[in-house]
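Here the protein sequences line up with chains P, Z and R, keeping their order.
Every letter in the first sequence is one number past the one before it in numbering that gives the first Met the number 0, and letter 181, counting from 1, is 180.
Every letter in the second sequence is one number past the one before it in numbering that gives the first Met the number 0, and letter 62, counting from 1, is 61.
Every letter in the third sequence is one number past the one before it in numbering that gives the first Met the number 0, and letter 17, counting from 1, is 16.
Among the clues, some could well be false.
[To be verified] For each label pair, taking beta carbons as the anchor points, the in silico distance ranges come out as:
no., chain 1, residue 1, chain 2, residue 2, range
1, R, Phe130, P, Arg22, 33 to 39 Å
2, Z, Met103, R, Ala216, 49 to 55 Å
3, P, Val112, Z, Gln167, 57 to 63 Å
4, R, Ser98, Z, Phe10, 42 to 48 Å
5, P, Arg76, R, Leu14, 40 to 46 Å
6, P, Ala42, R, Leu14, 53 to 59 Å
7, P, Asp23, R, Phe191, 35 to 41 Å
8, P, Ala133, R, Arg114, 24 to 30 Å
9, R, Glu220, Z, Arg107, 46 to 52 Å
By construction, these hints were calculated from the structure, which means they are not laboratory data.
Owing to the predicted nature of the structure, the values given are computational and were not obtained by experimental measurement.
Where is the CB? At the ideal position from N, CA and C, for every residue including glycine.
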Amino acid sequence: MTAYLSDVAALTRKDLLVELRSRDTVPAMLLFVVGGLVVFHFALAEDSSRLASAGMLWIALLFTALLALVRSFVAERDEAVIDGLLLAPCDRSAIWLGKTLSVVAFLALAELVALPAFALFYEPVTWELVAGVALANIGIAAVGTLLGAMAAAARARELLLPLLFMPLAIPLIVGGVGATLAEDPGRYLGFLALYDLIFAILSWASFEYVVTE
Amino acid sequence: MIRARGVGRRFGEKRVLAGVDVDIGDGAFLLVTGPNGAGKTTLLRLIARLIVPTTGEIHVAADRSRIGFLAHEPLVYRELTPLENLELYGRLYRVRERRERIGMLLERFGLWDARHERTDELSRGMLQRLALCRALLHEPELLLLDEPFTALDATGAKLLLDELNHQQGRTIVVASHQPERFGERPTARLSLAPT
Amino acid sequence: MSTSLRNNGAALLSLLAAALLVAGFALAFFWAPEAQGDPAFRIFYLHVPVALTAYAAFGWGGWKALRLLWTRDDRYDLESYVAIHMGVIFGLLTLVTGSVWARYTWGVWWTWDERQLVLFLVLFLFYSAYFMLRFSTPAGPRRARTSAVYALFGVALIPVSFLAIRLAERYIHPVVLTRDPKIESEMLLSFFVCLGGTLALGGALYLVELAGKRADARLRELRELLA
Numbered sequence: 000m001t002a003y004l005s006d007v008a009a010l011t012r013k014d015l016l017v018e019l020r021s022r023d024t025v026p027a028m029l030l031f032v033v034g035g036l037v038v039f040h041f042a043l044a045e046d047s048s049r050l051a052s053a054g055m056l057w058i059a060l061l062f063t064a065l066l067a068l069v070r071s072f073v074a075e076r077d078e079a080v081i082d083g084l085l086l087a088p089c090d091r092s093a094i095w096l097g098k099t100l101s102v103v104a105f106l107a108l109a110e111l112v113a114l115p116a117f118a119l120f121y122e123p124v125t126w127e128l129v130a131g132v133a134l135a136n137i138g139i140a141a142v143g144t145l146l147g148a149m150a151a152a153a154r155a156r157e158l159l160l161p162l163l164f165m166p167l168a169i170p171l172i173v174g175g176v177g178a179t180l181a182e183d184p185g186r187y188l189g190f191l192a193l194y195d196l197i198f199a200i201l202s203w204a205s206f207e208y209v210v211t212e
Numbered sequence: 000m001i002r003a004r005g006v007g008r009r010f011g012e013k014r015v016l017a018g019v020d021v022d023i024g025d026g027a028f029l030l031v032t033g034p035n036g037a038g039k040t041t042l043l044r045l046i047a048r049l050i051v052p053t054t055g056e057i058h059v060a061a062d063r064s065r066i067g068f069l070a071h072e073p074l075v076y077r078e079l080t081p082l083e084n085l086e087l088y089g090r091l092y093r094v095r096e097r098r099e100r101i102g103m104l105l106e107r108f109g110l111w112d113a114r115h116e117r118t119d120e121l122s123r124g125m126l127q128r129l130a131l132c133r134a135l136l137h138e139p140e141l142l143l144l145d146e147p148f149t150a151l152d153a154t155g156a157k158l159l160l161d162e163l164n165h166q167q168g169r170t171i172v173v174a175s176h177q178p179e180r181f182g183e184r185p186t187a188r189l190s191l192a193p194t
Numbered sequence: 000m001s002t003s004l005r006n007n008g009a010a011l012l013s014l015l016a017a018a019l020l021v022a023g024f025a026l027a028f029f030w031a032p033e034a035q036g037d038p039a040f041r042i043f044y045l046h047v048p049v050a051l052t053a054y055a056a057f058g059w060g061g062w063k064a065l066r067l068l069w070t071r072d073d074r075y076d077l078e079s080y081v082a083i084h085m086g087v088i089f090g091l092l093t094l095v096t097g098s099v100w101a102r103y104t105w106g107v108w109w110t111w112d113e114r115q116l117v118l119f120l121v122l123f124l125f126y127s128a129y130f131m132l133r134f135s136t137p138a139g140p141r142r143a144r145t146s147a148v149y150a151l152f153g154v155a156l157i158p159v160s161f162l163a164i165r166l167a168e169r170y171i172h173p174v175v176l177t178r179d180p181k182i183e184s185e186m187l188l189s190f191f192v193c194l195g196g197t198l199a200l201g202g203a204l205y206l207v208e209l210a211g212k213r214a215d216a217r218l219r220e221l222r223e224l225l226a
């Protein structure tokens, strides 16, 4: 257990360090999410309800997450570094967990900018929204990291990943928008937690199968 | 150490390896030769269990923690320094006295002064030396080397051959199209023909 | 020998499917009473069995995917793929029949109020992505395992999406259209005969396509041996 966690910590640390050096992903996510919020102002008709702006926010968060996911295995895919990790004796699921944690960190950084911007441009941010975002991040990162590893073996992987991810993201959008708008947000937060639980376990258990033969 | 019977591998419609038999014991030095496209790299990847055969069977009596693989690519992160890369792998392989071991390898392969440089700023030869350090880091029982002389200068080549000398009890499999450079070291040879 | 036996199985199953479907529709149209207030209700005898057959096919594909991951046996890859292919065909048929039903009952070709229809749209997106994944990954053990994992995610997605669609209705808008005709025992019997028919049809198509794909693979192997 301790050994497993220390593997995960080493792998997450490596991902954060790679991003810190290359600064490829997070700045792009920040710019994209703020740009999205600005574009939505022009897409929403005047007098659109706060309901519409909440939906737009969730779409912006989802598409921003796709940027992180498309980039998630770039460092491993270039020059086959993933082989180096697969050769190492660590449990393969530790590679998934390490990557998932780093994706969660990138998403949180993007939202640290996106949510205040949303509050400034549109509606105040409620604690239900923050809780929904935090829970959705786990699901997005868990499923997206697995799908990212799947797509890494395919041609046209940057195109494939959004297609693989979108149907699986619909429940996350339902939970997130519901938590933001509905009168009983608890039910939707519970649904997000259920989603996280089911798909995190599935992804954790199946990662080894998608990166090895 | 390695036993293969009728091993073949296909990628999609393309067959790259067919009907290979290998039988080598502990401490052997197997030299695999053959022209480009004969499947040398594929054979090494099969032995390392990175891929599985589509026909035949292969058995390797060493688990992942005991195998060192110098691959075609250096398998290091370009954004990290040599020290950071070896630190990462040292942790994953649970190398004891990690710092001393890494320092000793960097010293021996002439990388000590470059240890804090980003890996993508190293020359190809230095990168190959780093890749060697990575493969040797955990003192593997089974060492797999794919074209190890690639990009190495005279000093680098000598360091590599020295490393191959002073290991008793280590099983080595080398794929190379320059068999003469290994002198009398190989105890077994396998010549692959394109399929 | 084994191929001809399997083809015989497919032939028998097709005959069974034809007999059950003819009998089922005859019962549905001439014997079962008309549902009150829904003149287009008879399409129920096609729409729901087709939908259930699609679920069965997706489930079967998921089960074969699980077998593949367990045993590494290649043949489960093809079986899982063919089952999901059938599922997508029946899923598309579900969307079409559902759309026709909506047109005759409510005058619109699409309604977001019909949960099953929305769910099939989500599943159609999901399994189309499954085909994209297969077509853009080189054939081999890696593709087999990747597709199997995605197929298993599909099985998990079905109930989760169903729950999500129910939850979404609460904030999008309340359900205004209801369709709860009283089901009588004649209707139920007709329904089960139709269901048997579509299941048999799905099974027959599955066996036929599987035999065809296996023959293709064998032909390719032979050609390679000759080359």
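Now for the hints, and whether the structure bears them out:
1. Phe130(R) x Arg22(P): 33 to 39 Å: holds, 37 Å
2. Met103(Z) x Ala216(R): 49 to 55 Å: holds, 53 Å
3. Val112(P) x Gln167(Z): 57 to 63 Å: holds, 59 Å
4. Ser98(R) x Phe10(Z): 42 to 48 Å: holds, 43 Å
5. Arg76(P) x Leu14(R): 40 to 46 Å: violated, 51 Å
6. Ala42(P) x Leu14(R): 53 to 59 Å: holds, 56 Å
7. Asp23(P) x Phe191(R): 35 to 41 Å: Roughly 58 Å apart at Cβ, these two residues miss the hinted range, so it is violated.
8. Ala133(P) x Arg114(R): 24 to 30 Å: holds, 29 Å
9. Glu220(R) x Arg107(Z): 46 to 52 Å: holds, 50 Å
The structure shown violates the earlier hints numbered 5 and 7.
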